[in-house]
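Chemist: Take the sequences, apply the hints, and build the full model.
Chains as they are written, first to last, in my numbering: chain A, 1 to 428; chain B, 429 to 856; chain C, 857 to 1009; chain D, 1010 to 1162.
Check each hint, because a few of them may be wrong.
To be verified - Quick list of in silico lysine-lysine cross-link-like pairs, DSS-like style, CA-CA up to 25 Å:
id: 1; chain 1: B; residue 1: Lys850; chain 2: D; residue 2: Lys1140
id: 2; chain 1: A; residue 1: Lys90; chain 2: D; residue 2: Lys1111
id: 3; chain 1: A; residue 1: Lys188; chain 2: B; residue 2: Lys713
id: 4; chain 1: A; residue 1: Lys285; chain 2: D; residue 2: Lys1052
id: 5; chain 1: C; residue 1: Lys987; chain 2: B; residue 2: Lys717
id: 6; chain 1: A; residue 1: Lys285; chain 2: B; residue 2: Lys558
id: 7; chain 1: D; residue 1: Lys1154; chain 2: A; residue 2: Lys289
id: 8; chain 1: C; residue 1: Lys899; chain 2: A; residue 2: Lys345
id: 9; chain 1: A; residue 1: Lys289; chain 2: A; residue 2: Lys345
id: 10; chain 1: B; residue 1: Lys773; chain 2: D; residue 2: Lys1154
id: 11; chain 1: D; residue 1: Lys1111; chain 2: A; residue 2: Lys86
id: 12; chain 1: D; residue 1: Lys1140; chain 2: A; residue 2: Lys289
id: 13; chain 1: C; residue 1: Lys1001; chain 2: B; residue 2: Lys717
id: 14; chain 1: A; residue 1: Lys422; chain 2: C; residue 2: Lys874
id: 15; chain 1: C; residue 1: Lys1001; chain 2: A; residue 2: Lys422
id: 16; chain 1: A; residue 1: Lys422; chain 2: C; residue 2: Lys958
id: 17; chain 1: A; residue 1: Lys130; chain 2: B; residue 2: Lys850
id: 18; chain 1: D; residue 1: Lys1090; chain 2: D; residue 2: Lys1027
id: 19; chain 1: A; residue 1: Lys285; chain 2: B; residue 2: Lys518
id: 20; chain 1: D; residue 1: Lys1140; chain 2: D; residue 2: Lys1052
id: 21; chain 1: D; residue 1: Lys1052; chain 2: A; residue 2: Lys289
id: 22; chain 1: B; residue 1: Lys518; chain 2: C; residue 2: Lys958
id: 23; chain 1: B; residue 1: Lys518; chain 2: A; residue 2: Lys86
id: 24; chain 1: A; residue 1: Lys86; chain 2: B; residue 2: Lys850
The hints are simulated quantities; they were obtained by calculation from the structure and are not laboratory data.
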Amino acid sequence: MNESASPVCYAAEGEMFACAAPTRFAVDQYRKDFPILAQSINGHPLAYLDNGASAQKPRMVIEAMTRFMENDYANIHRGVYQLSQKATDKYEAVRGIVRRFINAEYEDEIVFTHGATESINLVAQTWGRKFLNSGDEIIITALEHHANIVPWQMLREQIGIVLKIAPITPQGEVRVEDIKALITPRTKLIGFAHVSNVLGTILPVADICAIARASNIVTLVDGCQGICHLPVDVRALGCDFYVFSGHKLYGPNGIGILYGRRDILASMPPYQGGGDMIESVTFEKTTYKEAPHRFEAGTPPITETIGLGAAIEYVSTIGMARIARHEDEILVYASEKLSAIDGLKIIGTAPHKSGIVSFTMKDAHPHDIGTILDKCGVAIRAGHHCAQPLMEHLGLAATARASFGLYTMREDIDALVVGLEKVREIFG
Amino acid sequence: MNESASPVCYAAEGEMFACAAPTRFAVDQYRKDFPILAQSINGHPLAYLDNGASAQKPRMVIEAMTRFMENDYANIHRGVYQLSQKATDKYEAVRGIVRRFINAEYEDEIVFTHGATESINLVAQTWGRKFLNSGDEIIITALEHHANIVPWQMLREQIGIVLKIAPITPQGEVRVEDIKALITPRTKLIGFAHVSNVLGTILPVADICAIARASNIVTLVDGCQGICHLPVDVRALGCDFYVFSGHKLYGPNGIGILYGRRDILASMPPYQGGGDMIESVTFEKTTYKEAPHRFEAGTPPITETIGLGAAIEYVSTIGMARIARHEDEILVYASEKLSAIDGLKIIGTAPHKSGIVSFTMKDAHPHDIGTILDKCGVAIRAGHHCAQPLMEHLGLAATARASFGLYTMREDIDALVVGLEKVREIFG
Amino acid sequence: MTDDLRDLYQDLILDHGKRPRNFRAIDNANHHALGHNPLCGDKIDLFVAVDEAGIIQDVAFQGSGCAISVASASMMTEMLKGKTEAEAAKLFDYLHHSCTGKPADETGLDEDAVDRIKALAGVRDYPIRVKCATLAWHTLQSALKSKAKVSTE
Amino acid sequence: MTDDLRDLYQDLILDHGKRPRNFRAIDNANHHALGHNPLCGDKIDLFVAVDEAGIIQDVAFQGSGCAISVASASMMTEMLKGKTEAEAAKLFDYLHHSCTGKPADETGLDEDAVDRIKALAGVRDYPIRVKCATLAWHTLQSALKSKAKVSTE
Ligand SMILES: Cc1ncc(COP(=O)(O)O)c(C=O)c1O
Ligand SMILES: Cc1ncc(COP(=O)(O)O)c(C=O)c1O
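Modeler: Here you go:
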């Protein structure tokens, strides 16, 4: 490795081709930013392949939180003193960081929530209750995470909407035609994942949004697995809502984002009631602030928002396009290696995939695979991945899933393969 | 200060009388646990008197979070590998820590939320929507925080309940008789603060709960300002719900608690839909887990929960009763000193008060007081304190508020007094 | 490491996992329950026939799951035949203690059953797998308590 | 420190804060707006009478607030009389720039008004108080735009 060239590679996107080894992604260097990756599990170096569930945190994020709590902490928005003013400024600055990261048009299109799950529930309960009537239709796809199913089912219970499910192909793709075929004059929203958390499929977001817009249908993109694997430009995608959680983007728990187009957010009633979202309160009548503050009741996750800002700065410095390319290489490598294992079947073979490989093995249950891999220092997830309807559609009770991050290296995949050989040895 | 005696004083509650200086609360020593307190503001040592808005974090909390993110972080509940298992165990252990801290009977009575505001909204939207009908009555008091007003107003909009307001006395007290006088056969819930965040009044919680229970009325105590100033025993109080936020108890942002009596929680439908709160999902029908998990949709604030556990362990080691006694001394000292300032009026003069002093000055607006104090290194809050109806009742647009914590010392009060003299100098 | 794993995946377990015994429905079952471990998707459909004297005449199951849960269910069906409900409860206690590393008292228990349970006790080093080992037994408890779901017909 | 504070609380400010000028309603106002700063509870009720030539004939206010917001409103009422809306807009620009520490161009502005605005510019060191200094002016903007709330009858 060319030590002196690395810093240039480490710089922003555009400069990449200036460095000595242009295609080299300095994964060993980035790994040093993540303290947890240095540990051993059962005598093996940790191969953390559960990024789909949550990503690890770089030192820069942990330190940003620590520094904030040690030096700058105060409640925000309501304090006249400097500490509170400084904290407010740092907190509000993250709105700008997020706006730039997803290329939203306005800062007030960025609502801070506690996570993607809350973001979707918020849309269902505010936009949904206000604008939908009994018999109105929502389309979601067969590969959604529970977070993009259950809130709509609850809304169905409450007001009698109809939930339509767009099918997937045997490869695990969502086809625009199949969604189009479900659209009727009563279709009001299409909600779908950017990237499937089980199959890794990248959905044709821009195309789906285009046909939705043509019929005046609102779109909600569950970006939990998109934001961490791909560069995201909400204006290029053309969606009305885009949601994600900080913790899958190398940021803290307890902070999430709801991006909503300005005019749509402005039309939505508040979600939770409390401090900081009101304009004025009397016992008779209460008026609410404008978006985004209207949707941010109570003391927000201040320190966590600062942490998310640091996480976005971290990945932006590396460059999301470069991270995507690196993860693609890992995906290709992993797919090749896994395919060569006898009795192993990869679940989800769409041509456009990102960062995730699910699989089953002939004689071993995914849960047993998980335990054996853990013994080999390899952390994967086994189960239904909060996507039971998809599992049922696939006729599977569970899959094993390896999911990648910017710090995933070929050695992690090699460790996975060694572990899977052990599975075959025991169960073969 | 007797250095060798201090460690014994630092030990658990019961041992206090064994130490050399039995009445001495080692505030200087505790202050060293809070890195932020060492800083200067405008050339003066920081006198942080805005604990009512949010408390500062001791090193133990910051380190617990850092350590967790550096060594143990993983998503919980769904992982077969050790890291996830360890994280789950640590996370779930905090339920026990909280249970013991408030003396709840069962661990499954402890629901993790993102804050007190969410806790109250959760009760309004689940218990409220299920059990209340148009015309049913809820009693709250005239001194509530917006977080215990607006969620009930939203419910009023949705289902037509009646909101009745219990008055306060000129001293700022809530009298049990006044609540009793509002009770009718249609009264279903009484919701009230443990301690007023503006006046400092300690409400007669056990007495109110007793009359409520006698009429089969559910009680919700907003414990945001109770939990940090007083020992809390939910069974002795006899309430059905008790809510608070971690960040006012020296813990992190983004984590809160909803305590609910087991049978009541069991009767409540879920709040948000998503992962981790379901038993099984099909597109046709979804079944939910039991409490508390039913109410914890999506990836929870894992690291923040660990931080809250550390905060509770920290204050428990000092002892809540000792903290309460220390803060009482500060309150008495502050009340004396402030009363001696010409033109200063203390707002809220109930005989039972805790940790908070609000005041106004004859010629200076609270906001100007806040700015001048900030220049003197003293951080207080000026405004309506998210209790606009109370302010209106008091006929005030705003008050200045100094609120105390375990680390507040007489010197902080002295700095406050010096600052207030400066206010008089400028505005007198 | 392999030795560790071999403690968990003993031949007896692997054998029952692959070729579960009494893997069928019982037509004249007077007890029945469904068991489900949402974590790994284990599902078990348990049938029990108890005679008037309170002796378990037949136990069988269907479903799917990981090697541990299937093996545990399979071995359970074998060891319960001819036992009373009280004896079954004692075996469950013993299994529960063994799998969670608590002192387990085997006095008065069927020796053969004890050996089988010992083979399962390797899960004690895998806390998250304890649920797999006990699923069938929890389902049994619930089946014996309620006669609701499936009747003798 | 006292000097710092004296920059903010200059005698002119303290005087207007205590004894606000034009503190009254205007019966024949043809523009009116309510201003509110929820942070500190400042409330201002602003009345403006503009003649047919577009000259501000009278400005007055009522309400309550901190010294900065009251002084700012009071001084504003004094400096606007006889000005056009365009001149008012220029003064607001100048005030806004002064209070946020941006380069502020005073060419062509009323000297007396400039002096008063300079007295207010001490808020530039107190970012959170900028809203107090500009509340009256924001309210003026909204009053001049809409004639909705109070009409001349
Ligand atoms: C009495 C009271 N209730 C509720 C709240 C709301 O708490 P949070 O903003 O943490 O949700 C607060 C704090 O602001 C409070 O003081
Ligand atoms: C596709 C997808 N949607 C939604 C979620 C829910 O995110 P969270 O649990 O952070 O709210 C996840 C992650 O679990 C996910 O992968």
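Chemist: With a cut-off of 25 Å on the C-alpha distance, tell me whether lysine 1140 of chain D and lysine 289 of chain A pass.
Modeler: Between lysine 1140 of chain D and lysine 289 of chain A the Cα gap is close to 17 Å, so the pair holds against 25 Å.
Chemist: Need the status of pair lysine 422 of chain A, lysine 874 of chain C: alpha-carbon distance at most 25 Å?
Modeler: holds, 17 Å
Chemist: Going straight from one Cα to the other, do lysine 90 of chain A and lysine 1111 of chain D come out at no more than 25 Å?
Modeler: holds, 21 Å
Chemist: What's the verdict on lysine 289 of chain A and lysine 345 of chain A, does the C-alpha distance respect the 25 Å limit or exceed it?
Modeler: violated, 53 Å
Chemist: Keeping to a limit of 25 Å between CA atoms, is the pair of lysine 987 of chain C and lysine 717 of chain B held or broken?
Modeler: Distance ~16 Å between lysine 987 of chain C and lysine 717 of chain B Cα, so the pair holds.
Chemist: Given the hint that lysine 1001 of chain C pairs with lysine 422 of chain A, does the C-alpha gap stay at or below 25 Å?
Modeler: violated, 41 Å
Chemist: With a cut-off of 25 Å on the C-alpha distance, tell me whether lysine 1111 of chain D and lysine 86 of chain A pass.
Modeler: With a Cα-Cα distance of about 20 Å, the restraint between lysine 1111 of chain D and lysine 86 of chain A holds, given a limit of 25 Å.
Chemist: Are the Cα positions of lysine 422 of chain A and lysine 958 of chain C separated by 25 Å at most?
Modeler: At roughly 30 Å apart (the allowed maximum being 25 Å), lysine 958 of chain C and lysine 422 of chain A break the hint.
Chemist: Given the hint that lysine 518 of chain B pairs with lysine 86 of chain A, test it: the Cα-Cα distance must not exceed 25 Å.
Modeler: violated, 33 Å
Chemist: Compare the distance between the alpha carbons of lysine 285 of chain A and lysine 518 of chain B with 25 Å, and conclude whether the hinted pair is satisfied.
Modeler: violated, 44 Å
Chemist: Lysine 188 of chain A and lysine 713 of chain B: Cα distance at most 25 Å?
Modeler: Answer holds: lysine 188 of chain A to lysine 713 of chain B is near 22 Å, not above 25 Å.
Chemist: Given the hint that lysine 1052 of chain D pairs with lysine 289 of chain A, test it: the Cα-Cα distance must not exceed 25 Å.
Modeler: With Cα atoms ~16 Å apart, lysine 1052 of chain D and lysine 289 of chain A stay inside 25 Å; holds.
In summary, the numbered hints that this structure violates are 9, 10, 15, 16, 17, 19 and 23.
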